[in-house]
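> Chains C and X, in that order, are what the protein sequence lines are.
Going by the working numbering, the residue at position 211 of the first sequence is 215; the numbering climbs one at a time, nothing skipped.
Going by the working numbering, the residue at position 14 of the second sequence is 106; the numbering climbs one at a time, nothing skipped.
Simulated from the structure, these hints should not be mistaken for lab results.
The beta carbon of each residue, even a glycine, is placed where N, CA and C say it ideally should be.
Check the hints yourself; a few may be wrong.
[What the hints assert, rightly or not] The following label-pair restraints were derived from C-beta to C-beta distances: (1) C:25 x X:270: 47 to 57 Å; (2) C:113 x X:115: 32 to 42 Å; (3) C:261 x X:341: 53 to 63 Å; (4) C:35 x X:270: 55 to 65 Å; (5) C:128 x X:210: 56 to 66 Å.
In case you want the letters, here they are:
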Amino acid sequence: MATVPRTGILLPLKPGFWTRDRLVRTTSYILALAIWEITGRVVGPLFLAGPSQVVISLVEVTLSGELPLALLVSLQAFFVGYVFAVLVGIPLGMLMGRFESVERFFEPYISAFFVTPVSAFVPMIIIWFGIGIEARVTVVFSFCFFDVVINTFNGVRDVRYELVEPVRSLGATQRQIFQKVILPAAAPFVMSGIRLGLGRAIRGMVIAELLLATTGLGGMIVTYSAVFRTDVIFAVIIVIVVLGVGSVRILKGLESWLFPWKESSTIRSGFEGTAGSVPEG
Amino acid sequence: MENKIVLRDVSKTFVKRNGGAKENRVDALKDVSLEVADQEFVSIVGPSGCGKTTLLRIIDGLIPYDRGEITINGRPVGAPAQDRGMVFQTFGLLPWRTVADNVGIGLEISGMELQKRKPIVQRWIEVVGLAGFESHYPHELSGGMQQRVGLARVLAINPAVILMDEPFGALDAQTRELMQEELLRIWNQEKKTVIFITHSIDEAVYLSDRVIVMSARPGQIAEVLNVRLKRPRWNYDVRGTPEFTELRAHIWKMLRQDRAGVAAPPGD
Numbered sequence: 005m006a007t008v009p010r011t012g013i014l015l016p017l018k019p020g021f022w023t024r025d026r027l028v029r030t031t032s033y034i035l036a037l038a039i040w041e042i043t044g045r046v047v048g049p050l051f052l053a054g055p056s057q058v059v060i061s062l063v064e065v066t067l068s069g070e071l072p073l074a075l076l077v078s079l080q081a082f083f084v085g086y087v088f089a090v091l092v093g094i095p096l097g098m099l100m101g102r103f104e105s106v107e108r109f110f111e112p113y114i115s116a117f118f119v120t121p122v123s124a125f126v127p128m129i130i131i132w133f134g135i136g137i138e139a140r141v142t143v144v145f146s147f148c149f150f151d152v153v154i155n156t157f158n159g160v161r162d163v164r165y166e167l168v169e170p171v172r173s174l175g176a177t178q179r180q181i182f183q184k185v186i187l188p189a190a191a192p193f194v195m196s197g198i199r200l201g202l203g204r205a206i207r208g209m210v211i212a213e214l215l216l217a218t219t220g221l222g223g224m225i226v227t228y229s230a231v232f233r234t235d236v237i238f239a240v241i242i243v244i245v246v247l248g249v250g251s252v253r254i255l256k257g258l259e260s261w262l263f264p265w266k267e268s269s270t271i272r273s274g275f276e277g278t279a280g281s282v283p284e285g
Numbered sequence: 093m094e095n096k097i098v099l100r101d102v103s104k105t106f107v108k109r110n111g112g113a114k115e116n117r118v119d120a121l122k123d124v125s126l127e128v129a130d131q132e133f134v135s136i137v138g139p140s141g142c143g144k145t146t147l148l149r150i151i152d153g154l155i156p157y158d159r160g161e162i163t164i165n166g167r168p169v170g171a172p173a174q175d176r177g178m179v180f181q182t183f184g185l186l187p188w189r190t191v192a193d194n195v196g197i198g199l200e201i202s203g204m205e206l207q208k209r210k211p212i213v214q215r216w217i218e219v220v221g222l223a224g225f226e227s228h229y230p231h232e233l234s235g236g237m238q239q240r241v242g243l244a245r246v247l248a249i250n251p252a253v254i255l256m257d258e259p260f261g262a263l264d265a266q267t268r269e270l271m272q273e274e275l276l277r278i279w280n281q282e283k284k285t286v287i288f289i290t291h292s293i294d295e296a297v298y299l300s301d302r303v304i305v306m307s308a309r310p311g312q313i314a315e316v317l318n319v320r321l322k323r324p325r326w327n328y329d330v331r332g333t334p335e336f337t338e339l340r341a342h343i344w345k346m347l348r349q350d351r352a353g354v355a356a357p358p359g360d
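Please take these sequences and the hints and turn them into a complete structure.
Here is the structure:
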């Protein structure tokens, strides 16, 4: 997945803090904020609060304790659902990758659920679990579970022949082959599943709060949209973005640290949290 | 210890099922009989699809054979074991293991503890000329260096027989000649029995005591040639001797007949 170097259109810069990349990024941010602020002033805060107003409101709802409390409520459901999905998803993906009969047994359901929008099941989830934390946990779980399973499964199943053969040739047992070749070879894929699942779990967390229980961060959005407080809505969205980007960053850092043998380009390239960043086998 | 390899009428047929009842049978090997003496260096050449790699994998135990008999030192050959070791064309190193950990994996598999493994691993890393690279990862090494690790990994388990499947096929010409010479030195020192598969006639003649020429469909032994070039071969111009040229031309002619005129130039 090597990227083709592109020609720069900006003036060459002397080395220092202001590298070309930094300059482009900063310009982009300043421009976006300016457009946002100006548009906000033109249409009025009822439709779109500008960034200056959003920052003020962000500080307010943080200091009042409302935002931290909502964040805590959200994170509870997120954490339980996500950890549960990882703990169940990895072993299931491994079993499916290792035993063809297990794959045959589960594959149709996994494929079907993976392409179905989980939101379509929200009414059923309400019927089965009500609108309490169990329901939100279920939504988070079903949002990220399949990413974990499918990536783990692919990682275990697609371990290259050229890696297994030499170890088998040295007289390794099936168990040793699994421990010494398949597990370590699949580990970066498992990690990708964990990372992709994280992004989707955050999405699931917010959607659950929007669609079935007016609570947590999603609940704040619903509540404040009823009174047209776009400044607070944006403040909450910023928190969600920071939460998502931040946690994916941390996992990426962990990946490069755990798998130094993977060429860094395969781990770093691509947009964060997108399917395109699955490492090459 | 006597490390004689005996193959008697070894046959292998691959059956492919393309859905339904239709079967596609390919006779990869048909009645192959061969004896390789203790400490002998034997090369196998032949056109693509002549079953030479299949033969090697069968001897290693990676795939089963249908008929015939294979014994090493009188014992029949079964699943892969550490009395024989294989060097692969694609090196097959584990990318998450350092050089030292790749070399030691055979000993690890046989259950030897780390403290005992260490000096053995170190010794073989030195023999293949990789001292100083113990903690490097494979992707940090050149192709030639990676195959040195592949060779050290096999030498570390001290097998009686070393099977080499086009080990230098992925290397550039210069590295390849260097590796050939070093392989001969190591073989001379360690007294192993070697079966070496190659596409290069030149390489086969340079290295071997005998060259086995195989023909395709079904894979059979077409001819066995003795190479009587004086050893050691690294201290004179082997390739310039009349016998070398003659053998090379002879093998080339055989292979060309087999390929019925659709051949590439000699060498490789």
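> Against this structure, judge whether each hint is valid.
Status of each hint after checking the structure:
1. C:25 x X:270: 47 to 57 Å: 43 Å, violated
2. C:113 x X:115: 32 to 42 Å: Holds: the Cβ-Cβ distance is about 34 Å, inside 32 to 42 Å.
3. C:261 x X:341: 53 to 63 Å: The hint (53 to 63 Å, Cβ to Cβ) holds, given that residue 261 of chain C and residue 341 of chain X are roughly 58 Å apart.
4. C:35 x X:270: 55 to 65 Å: Taking Cβ atoms as reference, residue 35 of chain C and residue 270 of chain X lie about 58 Å apart, which means the hint holds.
5. C:128 x X:210: 56 to 66 Å: With Cβ atoms ~60 Å apart, the hint holds.
This entry does not satisfy hint 1, going by the numbered hints stated previously; all others are met.
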